[in-house]
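Novice: The chain contents come next:
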Amino acid sequence: MQGITKRQLLIAGAALGGLTASSRSGAQDMSAHERELYEAAKREGEITWYSGQYSAETSEAIGRAFTERYPEVRCNVVRSTSQVAFQRLSQDARAGVAQCDVFSSTNSGHFQLLKRQSRLLQFRPQNADGMLESIRNADPDNFFHTSFLGLFQLACNSQKVSEDEAPKSWTDLLDPKWRNQLAVGHPGFSGAIGVWAVQMRKMYGWDYFKKLEKNKPQIGRSSQDPVTLLNAGERSVGVAVPAATVLLSISRGNPLRLIYPTEGVLATIAPSGIIRNAPHPNAAKLFMEFQTGPHMTPVLLRYFADPLRPGSPPPEGAKPLDQIKLLAPSIEEQEKGVPEVRELWRDTFGV
Amino acid sequence: MSRLVLRGLTKAYGKLTVVDGVDLTLAAGEFVSLLGPSGCGKTTTLRMLAGFVEPTAGSIELDGKVISAPGLVMPPERRQMSMIFQSYAIWPNMTVAENVAFGLKLRKLPAEEVRRRLWEILEVVQLGHLAERYPAELSGGQQQRVALARAIVVKPAVLLLDEPLSNLDASLREEMRFEIRRLHDEFRITTVYVTHDQAEAMATSDRIAVMNAGRIEQVDAPHLLYTRPKTRFVAGFIGRTNLVEARLEGSEIGFDGCRMQMGQINGVPQGGSRPILLSIRPQSIGLHRVRPAGGEGRPVTPGTVVQRVFLGESWDYVVMPQGSGLRLRVTAPPLQVHEVGEAVWLEFDPRQMALVE
Amino acid sequence: MNDTAAALPKPVAGQAEGRRGGLLRRLRYVEPVTLLWLLLVLVLLFLVAAPLLKLFSVSFQAQETGTFTLSNYATAYGRARYLDALVNSLTLGLASAAIAVLLAVPMAWAVSRTDMPGKGFTWAVVLGAFIMPPYLGAVGWILLAGPNSGFVNRFWQWLTGSEGTLFNVYSFEGLALVIALHSFPLVFIFVKAALDLVSSEMEDAANILGAGTWTAMRKVTLPLVWPSILGSFIIVFLETIALFGTPAILGIPARINVVTTQLWQFFEYPVRVEVAAAYAMPLLLVTIGLIAVQKLLLARKAFVSQTGKGGERRMIRLGPWRWAMFGWCALVGALSVAMPLLVLLQASFAKAWGRGISLDNLTLRNYHLLIFEHEMAMTSIWNTIWFSAAAATAAVLIALLVAYIVNRRLMPFGEVLGFLAMAPFVIPGIVMAIGFYAAYASPPLALYGTAALIIFAFTARFLPIAYANSSAAIRAVHPEMEEAARILGSGRLQAVSRITAPLLRKALLGGWLIVFIVASRELSAAIFLVGPRTRTMAVLLYDLSEAGNFEVLAAFGGLLLLITLVLVGIGMKLVGRDFMLRRI
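Chains as they are written, first to last, in the working numbering: chain B, 2 to 352; chain E, 12 to 368; chain Y, 28 to 611.
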């Protein structure tokens, strides 16, 4: 994915506002191509998906929706944080064993690496053409395709922090008044946090984190961990938390508030790819079609995730994309930077 | 030096009465054994003395002060007594010196005095050279001595021993018997010794209390117990004996084939005509090939040898007096050999007969 | 041979046949035991020796090329952070072991030697703490003692009006306490077993010399069981340094890195098994060192009285103090079982656990999600059951055969087998798993991601428990039982299967159950070896904890506990209430 400019996304946002929702999921109306893939996939029977992008609940729901549309092809959802998913993939490779069919990570850098090492299968899903224009050509060589549009921002517990007191920017977090109140994930586990750390380092240098450390944030593993802590009232401000998780939590009655930092929100436009020696290649291709196609959208909307195709309003409680400032490091910056920030993080935070 | 008084001491577990109204008085420095078969209540009595068991009735007094009574038991650690257990209860994870010094250290004596008394007692029991050994490295007899040293070094008011020699072999037992008595004489501690072995009791004690089924049958010096048993049980328990039923008529006592005058036997029966029980020790009957002179009030009667066993140190004969169904056991020296079926003469010594009841 | 043929006046044809027949005849007399012994040696080499040797050799190999190098050790110990992790592990181990001993020894003393009431209750507490997996307890304690949101702290703040926390579970002390609360059953079982053997006369002797109840306990009773206390201390230490789940869940927020979490980092991309192996070696050395120290400390003294009769054990009367002891046991029970269990149950039925207990916060959604909607949940339960069952069966079978050969002295070097069977005891589970990974995950065997790899690893890891159990059981069966059968014409194998095995049935069943229970909640070894389809409940729980969805996590924990309880119930029915005591 070459650098997304703000302009391109603004255009996409305008397009969203203009079109009407038209993604209907007709149960059995398959195109010829789809049916062909489906027959081949039925013979394989299942697809294993290392999911590092969506939450466990969402991933499970996606898997179920896939099997609903394509009965007799089971979806094995292996959800973990992105780093752990990549670790498992590496273990598989080192053992010379093929377990994973489709790999999804919030760290685009992973895919650069995999592509370079010829570990991905080249395939362009036909549905990719129907995605938002700015994200439909993640890789010109078609080794991977966008499957996730995640926004990572700030959130606070509305019972503990009033609207005025709440932090308004990423740099606000460095204020000593937030000592022992912050919570964040860990770049060693979460791909998104890795990407976020690369972005912060790009904007403010590593000093940002040295100062952040003084506020003693509670470090979890997944980028979602802070949401749990906020729900419980254990900490008051969540840093680099996925908007989808926060909105879902609010919808369940938890006292949270989503915050849009003034510098901008981290936009993780992350892909999925088929592993080259996938044990179920046809089912994998079918799954890629599903991920880029219209039938995944209702699932995403139910879980407050941002849809990948035009024609749907933003999730309830979220601002539309054209009103948000988006930040994202380039894919090369991600590939090179994430391992670096991991080591720096461990040295700075001690864990 | 203490006086220990047991008054009507009783212990019952539910319906089972284990110790039944025991009365006993010990003078200061006296060595008394509780002797009896298993289950006679001697160990329970000892444990009541120690304070491990609470009496159901009766009391125990030490120097005039009641230390045990139903509902009022001074705990063992405050009685100033010592005890030797059947298993010695030497702590295997402590050296000999640590074991023996334990009681002294508990009394918070100055280190110098502890050391002095420790070495004194180790010399007395001849374990000085083994002070740093662990019990696993000692023989049975040596462990026994550690237990003794540990018990005596604290200068207890009363020393209690619970069948301490039952785990040693025969020759060691003899040696340790003397050792225990010697230590008693040296330190003059009031001692209560429980055993089922009469030889042990007799070798060590000033007096022996013979117990049976929870009661004391007789308390006496050892030789008196032997020569003048007062109950059938004591007669049968102490040494071997022939229990013979005889008739007292006026001043004459008679049984199958024998007639004696009343004054000749041990024990003075109340007058009248009634059956009595005599205890006649096997060693007190003489066997002769020809009729002995008798006289001096020593009745003789003919009889036949019906059984014999050679035991090395003596012959054990069973002889039936003529015209009588009695089977009398007679002990004879090794050189005096009689055949089974042989006709012999029995000579009785009334001075060695005891009236039992 | 030919010379003798010429010398002996025998027909040539018959001679040749005789020679062949002689070899066969000799084979017929070879006892099946020798073959069995060979087979067992091979099995044990495969399960125990090979992974270890591979681990050792791999630690000296460069990653891509395989040439000899010391650079792995340099990397593993070059950074202060890695050394810190090692030091943290060792201190954590010492702390947890100390706390576990502190908790369990009074309980063991009270149950074994005094008239404290509620002994059945105390046993239930021990069993409950044994069954509850430590990582589940950790989650429960997060709910209880998170510094701002934990129930305990909120209650304290409400009670005293202060802002401070009573107990922060995200701390070294918190970590040590949570681990100790789930390891103390080991200490309890060992120390109680030893206390049961101490004759009351030992205490009587101290009493009569002037020591009261407590003095006698301190100066006589407890020193007598010192080997058990020391032994169980070491076991808890070893278990602690090998734990992965609890340090990951509590340690990361607490900023405490330990060896296991550090090893996990060496498995990140790129997978550096070589450095991981080098890093893990010192753990092995520490373990061996501890065992040696233990032998030294216990060298000369004996601890069981060698002479005399008297093994009777009477209950010490504590008077009103027995309620104090009961209170202690109840406190331990509350901390280790009741409180975490209650909060976990509450969370499992809650929509959002932070909202507290209220009627509008109740839902069955979490359980529903797991049972009907989560694809892996049911599979992982099935995986756990059959992996653990297979491992338990294999371990008990191997252990029985080895114990038989060793105890009946059937082969000249039988002790080697025994040694191999016990060796995994000194190897932290996670090290064992890495060894298995290094030896068998890649081609030629390529067991990565298969059920077989996990079953083998579990079998090897729990073999020592099974062996100790089988060994004790066989020692209790007199060899003359089999000899009586053999003199009547039964072969040895027949004698074993028809006479000995039925006698051992109960003990073996007990051993099987214990291995099963421990295997079903094993995380540290599993986490390195599972593939996507072979995830166990423990690994799934860990994955769920990464997503921070504690409600579903608690529900899954509830399911895990339910299943374990059912199995324990069956076990107790089949084997008797004291099946856990047959461990050693």
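A couple of the hints might just be wrong.
With the C-beta cut set under 8 Å, the calculated list includes, among others, these residues of chain Y facing chain E [unchecked claim]:
| # | residue |
| --- | --- |
| 1 | 220 |
| 2 | 223 |
| 3 | 229 |
| 4 | 231 |
| 5 | 234 |
| 6 | 250 |
| 7 | 251 |
| 8 | 376 |
Distance condition first, Cα-Cα at most 16 Å in a straight line; then the derived EDC-like pairs of lysine to aspartate or glutamate [to be verified]:
| # | chain 1 | residue 1 | chain 2 | residue 2 |
| --- | --- | --- | --- | --- |
| 9 | Y | 246 | E | 88 |
| 10 | B | 203 | B | 307 |
| 11 | B | 43 | B | 69 |
| 12 | B | 203 | B | 37 |
| 13 | E | 166 | E | 124 |
| 14 | B | 161 | Y | 190 |
| 15 | B | 203 | B | 69 |
| 16 | Y | 246 | E | 109 |
| 17 | Y | 378 | B | 58 |
| 18 | B | 212 | B | 173 |
| 19 | B | 320 | B | 333 |
| 20 | B | 215 | B | 73 |
If you are wondering where the hints come from, they were derived from the structure by calculation, not from laboratory data. The beta-carbon is built from N, C-alpha and C at its ideal position, and this holds for glycine as well.
Novice: If a hint holds in the structure, say so; if it doesn't, say that too.
Specialist: Evaluation of the provided hints:
The interface hint given for residue 220/Y is violated, since its Cβ lies 17 Å from the closest Cβ of chain E, which is over the 8 Å cut-off. Nearest Cβ of chain E to the Cβ of residue 223/Y: about 16 Å, over the 8 Å cut. The hint is violated. Look at residue 229/Y: its Cβ gets to within about 5 Å of chain E, closer than 8 Å, so that hint holds up. Satisfaction of the interface hint for residue 231/Y is found here, the shortest Cβ-Cβ separation to chain E being roughly 6 Å, below the 8 Å cut-off.
At its closest, the beta carbon of residue 234/Y sits 4 Å from a beta carbon of chain E; the interface hint therefore holds under the 8 Å criterion. Because the smallest distance between the Cβ of residue 250/Y and any Cβ of chain E comes to about 5 Å, under 8 Å, the interface hint for this residue holds. Using the Cβ-Cβ criterion of 8 Å, the hint placing residue 251/Y at the interface with chain E is satisfied: the shortest such distance is roughly 6 Å. The beta carbon of residue 376/Y is not positioned within 8 Å of any beta carbon in chain E (closest approach about 52 Å), and the interface hint is therefore violated.
Taken as a hint, the residue 246/Y and residue 88/E pair is honoured in the structure, with Cα atoms around 14 Å apart against an allowance of 16 Å. Taken as a hint, the residue 203/B and residue 307/B pair is broken in the structure, with Cα atoms around 26 Å apart against an allowance of 16 Å. Using a Cα cut-off of 16 Å, the hinted pair residue 43/B and residue 69/B holds, with the two alpha carbons roughly 13 Å apart. Restraint check: the Cα-Cα separation between residue 203/B and residue 37/B comes to about 46 Å, which exceeds 16 Å; the hinted pair is violated.
The straight-line distance between the Cα atoms of residue 166/E and residue 124/E is roughly 13 Å, inside the 16 Å bound, and the hint therefore holds. Proposed proximity of residue 161/B and residue 190/Y is supported: the alpha carbons are some 14 Å apart, at most 16 Å. For the proposed pair residue 203/B and residue 69/B, the alpha carbon gap of about 43 Å is over 16 Å, so the pair is violated. Between residue 246/Y and residue 109/E, the direct Cα distance comes to roughly 11 Å. Compliance with the 16 Å bound is thereby established for this hinted pair.
Annotation: proposed proximity of residue 378/Y to residue 58/B holds, straight-line Cα distance about 14 Å (limit 16 Å). Taking the CA atoms of residue 212/B and residue 173/B, the gap is about 11 Å. The hint holds against a cut of 16 Å. Only pairs whose Cα atoms come within 16 Å are accepted, and residue 320/B paired with residue 333/B is rejected, the gap being roughly 29 Å. Of the pairs offered as hints, the one joining residue 215/B and residue 73/B is violated, with about 53 Å between alpha carbons and a cut-off of 16 Å exceeded.
Checked against the numbered hints above, the structure violates hints 1, 2, 8, 10, 12, 15, 19, 20; every other hint is satisfied.
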